[in-house]
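Since chain Y is already given, all that's left is putting chain U on it; use the hints.
Quick mapping for you: the protein sequence lines, in order, are chains Y and U.
Letter 50 of the first sequence, counting from 1, is numbered 50 in the numbering used here, and no numbers are missing.
Letter 6 of the second sequence, counting from 1, is numbered 6 in the numbering used here, and no numbers are missing.
Careful: at least some of the hints might be erroneous.
[What the hints assert, rightly or not] Now the in silico label distances, taken between C-beta atoms and shown as ranges:
(1) U:P110 / Y:G16: 48 to 54 Å
(2) U:A76 / Y:T7: 37 to 43 Å
(3) U:S30 / Y:T80: 33 to 39 Å
(4) Y:L11 / U:Q66: 41 to 47 Å
(5) Y:T53 / U:E15: 46 to 52 Å
(6) U:S82 / Y:R9: 21 to 27 Å
(7) Y:G16 / U:R58: 48 to 54 Å
(8) Y:Q17 / U:H69: 42 to 48 Å
(9) U:Q66 / Y:L83: 42 to 48 Å
(10) Y:Q41 / U:S7: 17 to 23 Å
(11) U:N10 / Y:L83: 24 to 30 Å
(12) U:S82 / Y:Q41: 21 to 27 Å
(13) Y:E82 / U:H56: 39 to 45 Å
[Said to hold, decoys possible] Covered stretches of chain Y, as calculated for chain U (at least 3 residues, CB under 8 Å):
(14) 44-57
(15) 94-100
(16) 103-111
[Said to hold, decoys possible] Partial list, derived from the structure: chain U residues whose beta carbon lies under 8 Å from chain Y:
(17) A31
(18) H33
(19) I43
(20) S45
(21) M48
(22) V90
(23) G97
(24) L98
(25) F100
(26) K102
(27) G103
Just so you know, these hints were derived from the structure itself, not from any lab.
Here the structure is a predicted model, which is why all the values come from computation and not from measurement.
Here a beta-carbon is modelled for each residue, glycine too, at the ideal position from N, C-alpha and C.
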Amino acid sequence: KAGVTQTPRYLIKTRGQQVTLSCSPISGHRSVSWYQQTPGQGLQFLFEYFSETQRNKGNFPGRFSGRQFSNSRSEMNVSTLELGDSALYLCASSTRDRSYGKLFFGSGTQLSVL
Amino acid sequence: KNEVEQSPQNLTAQEGEFITINCSYSVGISALHWLQQHPGGGIVSLFMLSSGKKKHGRLIATINIQEKHSSLHITASHPRDSAVYICAVVPGGGADGLTFGKGTHLIIQP
Chain Y
1 KAGVTQTPRY LIKTRGQQVT LSCSPISGHR SVSWYQQTPG QGLQFLFEYF
51 SETQRNKGNF PGRFSGRQFS NSRSEMNVST LELGDSALYL CASSTRDRSY
101 GKLFFGSGTQ LSVL
Chain U
1 KNEVEQSPQN LTAQEGEFIT INCSYSVGIS ALHWLQQHPG GGIVSLFMLS
51 SGKKKHGRLI ATINIQEKHS SLHITASHPR DSAVYICAVV PGGGADGLTF
101 GKGTHLIIQP
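So that you can see chain Y by itself, here it is in the shape it has in the complex (with noise of 0.2 Å):
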């Protein structure tokens, strides 16, 4: 069974540009959430679709923004680019909602912002 693979793997990106970044679940998984990773701030939670409903949303701008498609692949975009999101951006998804069930990770997508 293919794991959760996001593309792509490093993005580099000017300051004020967009960027869309993509999630693939495992087959079967209905729920895929997204994750900051920082140095200075560690892990933080973006938001959570579900059967392609936001369910959850973290303490982030409105330029950070997602969906959920019908074969629960999902996209994450960011407007208007700052220095501040360079980060590693990762997915998961798992077969609950509100990370009630165990979370299968992907590799993640390392994005820097000139």
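Here is chain U on its own, set in the frame of chain Y:
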């Protein structure tokens, strides 16, 4: 706001030693996750628990809901156990997403 505190922040031990990592949180939770992150970023879920104790191989996780405390134990530690161990809590009611501790950086020397 739920605060999650892990201790110690850094731990270096010799191969074979018994390891304990602690996690304390400030408000009621529905469940708690223990995660392992190796250099390079990959995160693996070790346990999810809401009460009592779970064991998998050399790893044991316990939680005391009344005391708002969980521990992760590693028996007969091995250099391959070297990683960052992260505690994450599911706030009560599941209305918010995971809140993470800062992690414990564990190094097991041969």
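At a threshold of 8 Å, is the proposed contact between V90 of chain U and chain Y supported by beta-carbon distances?
5 Å, holds
Okay, A76 of chain U versus T7 of chain Y on CB: inside 37 to 43 Å?
Once the Cβ atoms are compared, 39 Å apart, the range 37 to 43 Å for T7 of chain Y and A76 of chain U holds.
Using the C-beta atoms of Q66 of chain U and L83 of chain Y, is the stated range 42 to 48 Å upheld?
The hinted range 42 to 48 Å holds for Q66 of chain U and L83 of chain Y, with Cβ atoms some 44 Å apart.
Quick one: are Q41 of chain Y and S7 of chain U within 17 to 23 Å, going by C-beta?
19 Å, holds
At a threshold of 8 Å, is the proposed contact between I43 of chain U and chain Y supported by beta-carbon distances?
4 Å, holds
Interface hint compliance - M48 of chain U to chain Y, C-beta minimum distance less than 8 Å
Since chain Y brings a Cβ to about 6 Å from M48 of chain U, closer than 8 Å, the hint holds.
Using a Cβ cutoff of 8 Å, are there at least 3 residues of the stretch 103-111 of chain Y near chain U, or does the coverage claim fail?
Coverage by chain U holds for the stretch 103-111 of chain Y (6 residues, Cβ < 8 Å).
Does the Cβ distance between N10 of chain U and L83 of chain Y fall inside 24 to 30 Å?
About 28 Å separates the Cβ atoms of N10 of chain U and L83 of chain Y, which means 24 to 30 Å holds.
Are there at least three residues in the stretch 94-100 of chain Y whose beta carbon sits under 8 Å from a beta carbon of chain U?
holds (count 4)
Is the interface hint satisfied for K102 of chain U? The criterion is a beta-carbon contact with chain Y at less than 8 Å.
5 Å, holds
Chain Y contact restraint for F100 of chain U - C-beta distance below 8 Å
Constraint on F100 of chain U satisfied, holds at 4 Å.
Assessment of proposed distance window 41 to 47 Å (beta carbons of L11 of chain Y, Q66 of chain U)
45 Å, holds
No hint from the list above goes unmet by this structure.
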